[in-house]
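> Given next are the chains, with one letter for each unit.
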Amino acid sequence: MKKLILLLLTAILALGCTACAARPYTPAGEPTGNAALDEQVLALLQELCDPKADLVTNLGAVYDFLCTGITYRATLADTSGGFTDELTDSLALELLQKRKGNCDAQAALTAVLLRRMGCEAQIVQGTFLRADDPEPVDHAWVYAVVNGTDCWFDPLYGGHFAENPRDYFMADDSRMALTHQWDAAAD
Amino acid sequence: MKKTLCLLLTCLLLGALLCACGKKTISEADLSLTVDGTAVRPDTSASALLDAFGADYTYSEAVSCVYTGMDKTYAYNDLILYTYPDGDTDRLLELYCTANVQTAQGVGIGASRKDVEAAYGTDYTQAGTTMTYALAAQDELTVPASLYFELDGDTVCAIGLTSAHRAE
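Chains as they are written, first to last, in this note's numbering: chain A, 96 to 282; chain B, 5 to 172.
Think of the hints as simulated: they come from the structure by calculation, not from any bench.
Built from N, CA and C at the ideal position, the CB exists for glycine as well.
Among the clues, some could well be false.
Here are a few chain A residues that sit away from chain B, every Cβ distance over 12 Å (derived from the structure) [said to hold, decoys possible]:
#, residue
1, D145
2, A148
3, G155
4, A172
5, T174
6, R194
7, P231
8, D245
9, Y252
10, R261
11, S269
12, R270
13, D278
DMTMM-like, lysine to aspartate or glutamate: derived pairs with alpha carbons at most 25 Å apart [as the list claims (entries may be wrong)]:
#, chain 1, residue 1, chain 2, residue 2
14, B, K76, A, E230
15, A, K147, A, E215
16, B, K76, A, E125
17, B, K76, A, D173
18, A, K147, A, D173
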């Protein structure tokens with residue numbers, strides 16, 4: 096009888112633990128269709144995102160990773176003709192695998208991650224100005240719509256040039272216009 | 005009882021010893037590659053490497069998003085040389101090799117993760133498909149030199165060396 100009670104208690108405990116165990120984060124957006132990229136994107140999001148947290152909190156975790164988890168290195172891809180879906184996916188995959196890349200690669204991965212999380216996102220090409228250099232620098236970053244609000248993400252600029260990297264997380268037009276120039280008509 | 009205690013103690017000591025072996029850290033001497041017979045160290049200048057490897061490369065450059073000046077890349081068949089601008093000088097940022105390369109400890113393309121760990125220990129960071137062994141950071145302004153192994157599954161498919169460089 097004692098054994099039976101013990102067994103029953105163990106079973107109840109095991110069931111309780113299973114119910115309590117956190118379900119992995121399930122992104123709301125669609126995968127890209129590139130199997131290798133989609134697998135790695137999902138793995139990264141499940142590593143970074145809290146299934147119980149809201150969208151903005153999880154976007155913050157992803158942005159922080161993009162600011163600190165990537166080492167700068169020139170990327171060989173030619174983006175002068177803009178970003179096709181194929182180029183975006185290949186840059187994002189390479190950056191995920193190697194964790195090294197420039198603004199083009201960071202913008203590509205940012206856009207892919209945001210879309211997978213259910214946000215509208217597109218890569219924007221423009222320039223920025225550095226404090227110590229009058230020459231504008233070609234650059235790429237991301238325009239997104241989060242919970243119905245237009246905003247900007249630039250983890251490379253935030254991570255390398257901003258005193259507070261989060262200034263370029265869901266930044267509004269006025270914040271971006273302080274340092275970045277782009278063709279607003281192309282938005 | 006004494007025997008049990010003795011056995012337990014031996015196991016603990018052995019375990020600690022094995023852990024210590026795996027946690028071997030790399031030194032500057034480990035940060036060296038032989039590429040097509042040319043010895044490369046993190047402080048080898050970009051111009052010396054270009055002289056050694058020859059002019060049969062595809063060159064590309066772009067205004068650096070991070071440094072002031074141009075990022076330059078020299079892509080050969082089996083290796084890519086990345087430089088970054090530092091004033092008027094182009095410094096070696098990274099050398100990335102996919103063939104004809106061997107580390108100071110004899111690890112080459114085709115080696116396994118276990119081969120790498122046997123040679124350099126387990127004190128590395130794994131990010132994506134890359135295992136990176138970096139020297140300890142000296143200050144916040146400098147990214148320390150490192151040796152890294154890119155894996156395809158469990159097999160080394162590329163080996164790279166990065167120089168200590170300005171963090172920006």
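> Starting from A/K147, check that the Cα of A/E215 is at most 25 Å away, please.
Given that 25 Å is the threshold and the Cα spacing comes to 22 Å, the pair holds.
> Could you check that no beta carbon of chain B comes within 12 Å of the beta carbon of A/A172?
violated (10 Å)
> Beyond 12 Å from every Cβ of chain B: is that where the Cβ of A/G155 lies?
holds (20 Å)
> Quick check for students: does the CB of A/P231 sit more than 12 Å from each CB in chain B?
For A/P231, whose nearest Cβ neighbour in chain B is about 9 Å away, the distance does not exceed 12 Å, so it is violated.
> Holds or violated: B/K76 and A/D173, Cα atoms, limit 25 Å.
holds (14 Å)
> Given the proposed pairing of B/K76 with A/E125, does the C-alpha separation stay at or below 25 Å?
violated (36 Å)
> A cut-off of 12 Å on Cβ-Cβ distance, and A/A148 was said to be off the interface with chain B. Does that hold?
holds (23 Å)
> Taking the minimum C-beta separation from A/R194 to chain B, is that value above 12 Å?
At about 4 Å from chain B, A/R194 fails to clear the 12 Å cut-off, so the statement is violated.
> So A/R261 supposedly isn't at the interface. Is its beta-carbon more than 12 Å from every beta-carbon in chain B?
holds (19 Å)
> Mind checking the alpha carbons of A/K147 and A/D173 for me, to see if they're no more than 25 Å apart?
violated (40 Å)
> Compute the least Cβ-Cβ separation between A/Y252 and chain B, then decide whether it is above 12 Å.
The assertion about A/Y252 is violated, with a minimum of 8 Å to chain B.
> Under the criterion that the straight-line Cα-Cα distance not exceed 25 Å, is the pair B/K76, A/E230 satisfied?
holds (18 Å)
Checked against the numbered hints given earlier, the structure breaks hints 4, 5, 6, 7, 9, 16 and 18 and satisfies all the rest.
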